[in-house]
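Visitor: Residue strings, one per chain:
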Amino acid sequence: MSSAAKTPVMPRRWSVPDEAGILGMLIVVFALFCAMSPNMRTVSNGLVLLLNGAVIGLLALGQTFVLLIGGIDLSTGANIAFMGVLVSLLMAHGVVWPLAIAMTLAAGAVMGTINGLIIQIFRVPPFIVTFSTMGVASSMALIITGANSISVTQSGFAVIGQGAIAGVPVPVVVLAIFAILAGLLLSKTILGTHIYATGGNREAARLAGVNLTLTTITVYAISGFCASLGGVIDTARLMVGFPTTGLGDELFFSIAAAVIGGVSLFGGVGRVQGAMIGAVLIAVVSDGMNVLNVSSYWQSLVIGLIVLVAVIFDTYRRRHAGTPISETLRAFLRRHGSRRLS
Amino acid sequence: MSSAAKTPVMPRRWSVPDEAGILGMLIVVFALFCAMSPNMRTVSNGLVLLLNGAVIGLLALGQTFVLLIGGIDLSTGANIAFMGVLVSLLMAHGVVWPLAIAMTLAAGAVMGTINGLIIQIFRVPPFIVTFSTMGVASSMALIITGANSISVTQSGFAVIGQGAIAGVPVPVVVLAIFAILAGLLLSKTILGTHIYATGGNREAARLAGVNLTLTTITVYAISGFCASLGGVIDTARLMVGFPTTGLGDELFFSIAAAVIGGVSLFGGVGRVQGAMIGAVLIAVVSDGMNVLNVSSYWQSLVIGLIVLVAVIFDTYRRRHAGTPISETLRAFLRRHGSRRLS
Amino acid sequence: MGADLLVAEGIVKRYGNATVLHGVTVTFRAGEVHGLIGHNGAGKSTLLKIIAGAVVPDGGTVRLEGQPVSFSSPSAAASAGVASVFQELSLLENLTVTQNLFLARELGTAGVLDKKAMQAQASDLLRTYGLPLTGQEKVASLPVAQRQMIEIISALARNARVILLDEPTTALERRQIDQLVHTLRRIARERQVAIVIVDHKLDEIFAVCDHVTALTDGRVVLNGPIASLTHADVVESIVGKDEAAASHGNRPSSPRLAADVKALPALTVEGIGAPRGLKSVSFDLAPGEILGLYGLAGSGRSRLLRTLYGLEPFEWGRMTLRGQVYHPASPRNAMKSGLTYLSEERKANGFIPEFDAVRNCMLPVLGRHAWLGMIRKHEAEQEALVVLRSLRIRGNIRAPLGRLSGGNQQKALLAKAVLQKPSILLLDEPTKGIDVGTKSEIHAFIRRMAKESGVAVLVVSTEEEELLTVCDDIIIMNGGHCSGERHEVVALDSGTLRRLALAPPRPDTRFGNAMETVK
Amino acid sequence: AQGAKLLPESCKQPNPLIGVALPNTSNPYYIAMRQSFLDHGKAAGFNVVVSIADNSDSRQLSQIDAFIQQKVCAVALNAVDSGPGAAMATALSKAGIPVFTLNVSVDEADLKAQGGQIVQYVGPDQVEGGKVMGDATLASLGKTAKIIAGIVGDPQQLPTNERDTGFKQALSADSNATVTRVVNGLVQPDVSLKVAMEMLQGNPEMNVIFADTGPGAVGAIQAVKALGKADKVSIFAFCAADTKLEGPYKGCSAQQPATYAQISVQSIRGYIDGKDVKANVFLPVAVFTYGQTPPPGELG
Ligand SMILES: Nc1ncnc2c1ncn2[C@@H]1O[C@H](COP(=O)(O)OP(=O)(O)OP(=O)(O)O)[C@@H](O)[C@H]1O
Ligand SMILES: Nc1ncnc2c1ncn2[C@@H]1O[C@H](COP(=O)(O)OP(=O)(O)OP(=O)(O)O)[C@@H](O)[C@H]1O
Ligand SMILES: [Mg+2]
Ligand SMILES: [Mg+2]
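Residue numbers (this note's numbering), protein chains in the order written: chain L, 1 to 342; chain Z, 1001 to 1342; chain G, 2001 to 2519; chain D, 3001 to 3300.
Check the hints yourself; a few may be wrong.
As the list claims (entries may be wrong) - With beta-carbon atoms standing in for the labels, derived distance ranges:
(1) Z/1173 - L/146: 39 to 49 Å
(2) L/292 - Z/1103: 49 to 59 Å
(3) L/43 - G/2012: 17 to 27 Å
(4) G/2010 - Z/1318: 48 to 58 Å
Stated by the list, open to error - Heads up, simulated DSBU-like pairs for lysine-lysine below, C-alpha to C-alpha not over 30 Å straight-line:
(5) G/2115 - Z/1188
(6) L/188 - G/2347
(7) Z/1188 - G/2138
(8) L/188 - G/2115
Hint data in this document are derived by calculation from the structure and do not stem from the laboratory. Quantities reported herein were computed from a predicted structural model and do not represent experimental measurements. Where a beta carbon is used, it is the ideal one built from N, C-alpha and C, also for glycine.
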């Protein structure tokens, strides 16, 4: 197009990014915790917090891709267990650790690919497929190990979980690198555009020539890869492969992190930035409650309420920038209060 | 309407119900298990199986309503714990058991109503709201009890969990009654139509005049009610209120049961019949594995694969009644095999 | 003639910084059909949505029988006697026809449905409007035209005093439109209700309306009884004075292709069909020609285009593309072979609602502007912008496309199709919802593409006039059959075309009866 | 609460079937117990089926129902939780199947109320196990040292809470010592690692960690190392599998899950053969000190 150069692109007006609201909430929550304890506001605690949140951050990263096409990956926590056991088993069988890591990451991507393939070939809901591979992965971890832990003896491997680069723990660095790559992938590449298109309107995307099979498989492979990276990191932190690692809150927290950050469960909407803010919010709250000596009985309640309030404010900001939140309630009551709900 | 009588109602063509496929799969799986163990095929085992599946069935019932409007209820398992503790606490404080049950069921409905209200007023994704109330409910159970169990001393209460009517355990009878009521509600009432409409297209339903607030609150209240009924039954079976009861696989299994039975996670599609078949399938597989002494390591794998295969066949039947499944694979390969995935 | 039933006064609406209605005042009278016209993005739909309570205005008042009203929702409006059909189909696809017809006004006692009564009433209604349905069909399984009729029926069946219809006829065929026009006029007179209809087709406006209001950029520019207006007045109010004379009514005057070019067909279709689908379709399509495909609703025109684009399988017959066997397994496949398809179901599968117009247009051609999968965004956007501008999209092209007006969305879809630089272009209702000014430009645009770039175009349209304007030849589809016999447009008028479509299908003798051979 | 002697028909078969119900196999403790049941059960002429409840009471109850279906001759029950355990024992009693509990005792009052009975309990004294570690802490750090201790445990389970109680009791003997925190490690090393790190962040002056389970100990050790506090914080624990007492890991007490299983099997054999069995068998914990490695089977 020769005329292309002549037409000026409309200047895009600068606008508040979607994630501003939840970032604000994160800052408020963090500030509150800091105000309550001097131990919270040390640099070293900041790093501990990020270190402890790194694996959930990685899972949230993978989950973001899957959610963006309107899918869900329930197998992600179980994959941590399976892959953590796998990497330690490989090392126990004499594979040198860098190779063992590479093989494990490949295995994670393969697990994800299998999810994607089943979803795409048989058109079975992702919930069922990944529910099933969740079962398979967690069983595999137990079967391989006989439920025993597998110690890691190659001490070099520890660097992945315990090392630091310029004072920043390696897992945090790894997460940061992959988050940036993921952000670029989604915003700058054809594949990224196709992922959003698939989630936005699957049928329209197909008619526009988007390869749904490829996008579906890729996002699940990415999620599998992220989970295996999480498994490697968890194992390197403990220096022991343990078949129940990752079977705790990881799955829920990873989905919640993405949703908190504005990723829609129905696909097509959301960014990596948001999911990472969500993951940090969860990390801050989990860390903060232990630093502040909140009783473990109260912790789920506190984390639940903080997340809820943060998302309420964020949703609010997105919908009615400006109006105070009391107005929403009043509007609701106006709509429903005077009349009977009928 | 005078014209109503004159106009002949067109005969509805008989068609295979949507649930036929998964029912077939259930029968196949059950037959296989029976073939493998004589213990499986006793009547009493059939009742034990249903008894053990009753709570998940109840949760799946509530979850079906929520999924039908395109929501999700993560708080359902935690509500079992909370409500189980609540009912035993009420009895411990001298409330007679029928009243304690009534109060607990009301409390469950209120918990659900709160979920629905928050979702509807603040337009926060149901995943986040129920994630948060899940945390609140599970914390409440721990806080109330200090992680201790609360014994039930009113022996009459046991009938709810351990009694039988004409040889059929009470929990199974309760589930059956509520499943039938739920089925009627969805198919025969205005509210039922509105629930499907809300899930089909929220905006279109609103434009047509469906009261979204009412449908939303009602479905979450029903789910909360079902969860509290589950908590009452679990407590009556154990005769002790325990703050971690219901926090295991219940949540996942209840969603999975509904999805297996053809309820869509995106709303608008599915029936109670399907969810109940899904719940029975899960009960058969869980029970069957224990009766057949499948190693616990293998159980998640087996349940995952059986569910996956059942749903693959079912999806298949719905899409191409007639064509053999090998054809799907061949069609897929034809689409993608010869060429590079690009 | 009738009393003022509903008055909208000084209605103002803003979206962000853009004001889309600048104090619009209109009066709808009992017993009258009121036409609301204007260019795409003029604010017609917004005005109707405000009156119906679906959108909250930033200023102005609505009075119903002199009383100020402010409906909190369309259902509140409906119970006050204001029924509406919006531009985007808003039926619930997972429900049956009957359930949709009675949604939120179900018959029943104590919350229990009276299914028999509803079913009986629904059958009556469907029969009255000539729809061959029982009422128990899931809406998802119905073709677009029937869905549109069902929405209209549902609005008319409510005992409303004001009925708002936003482009009700876009998917309907002539017969249905004629019947609808007749019904609307009758209902208005007999029930003394006010009917408001948004429409881009002038003949319909003149056939049905008593009174016309035209909007331009959110302002009333014309308002008067139809009797006092001429076609020219109306066109001028939509496209502006300068262009009115030049643009309307002329057939684009590029030459037909010489007959010898047709000797090398781009696409040859020989007796294709499938069980429960097309029966037997044959025709040739040559580079540089524009072939019209005409038929009654349900004759299989859309199915044919979908089959050509690899969206539906065919099991007998064969297709040849530039001499090679062509059997697309998927749309991607078809695209790679140089085909492009514009769907008639804009909202269902036309575009990604969250993407803006530019991004939607870029989607199929990203590969052209990328290196190792990395998009050269600026370059891609420039290309898309050029085409988008030439189609005169109004509204913010950087806003999610789902928020643009219907006609402007359609323009974006056309731009997307054009950008793909296809060698064969399949257009299903290409100007659905597009205003008269832009319509003739689009016709000219299509002809230019064919004549200058040698693109072979296959056009499906329910508007005979459109086919007669834009096509070289027309082939007829009837009950899944098409013999491929060509009718030159110069020898046709709308009446002849309709008669041809009604004639029983002639078996395709060239290839034998494909269905028989398969059995 | 001994009623009539229960002895199902199935016990008369040549190799009677006995059921073993365990809470999980994510703790090496139960893996050792399970193996011992299989080995000693076979030796004693039993067929053994083991059910794992994945820490769910209701699932364990279903598994008990499955045992009743299979007409087992006797059940060895390590309840997930002691309260709900009463319902399982009752269900078995009502089906005429003798119950042998181990490791987790079943709530006596509940049992009585519901009308169940238990033949024998075998297990450690949990409180004692915690107390021993408390004493070891005081001995190791000296009577005069200021001790600020935190617990990595599982506050939602009874046995772990009993261990904590013992530990706190021992420390309360010293006015310089306080237990300030209990965090929930869920008996998982990865979770324990996180919560232990965070607890240390929030309590910089903390110098003792008591991990009340083996997996908790694994996490606590890594947490102390990761924060570079190996010379400041001492760890006392219930023993982690295959882990040498070195660095910050100063002492551990071990139970012998394999032994409990062995005793249970022998008691079942004896009971069937008509011998009298003791109602309660309490076993002391083994204590390991700095430099030692607990042998396999000696677990927390
Ligand atoms: N939700 C919205 N957000 C932002 N802008 C909107 C929204 N809805 C409509 N608009 C803008 O308002 C203007 C008027 O739109 P409207 O749909 O009323 O036009 P119309 O006259 O019905 O056009 P058409 O003939 O194409 O249907 C358009 O520029 C459109 O982009
Ligand atoms: N997007 C679609 N995908 C698959 N099948 C469809 C789709 N739209 C409609 N159908 C089915 O195809 C049948 C024909 O619908 P369609 O609107 O294509 O009519 P048609 O026969 O091509 O008529 P027309 O000539 O009016 O376009 C309908 O009965 C419907 O079940
Ligand atoms: Mg419009
Ligand atoms: Mg059509």
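Visitor: Among the hints numbered above, which are violated by the structure, and what are their numbers in rising order?
Guide: The structure conflicts with hints 2, 3 and 8, although it agrees with all the remaining ones.
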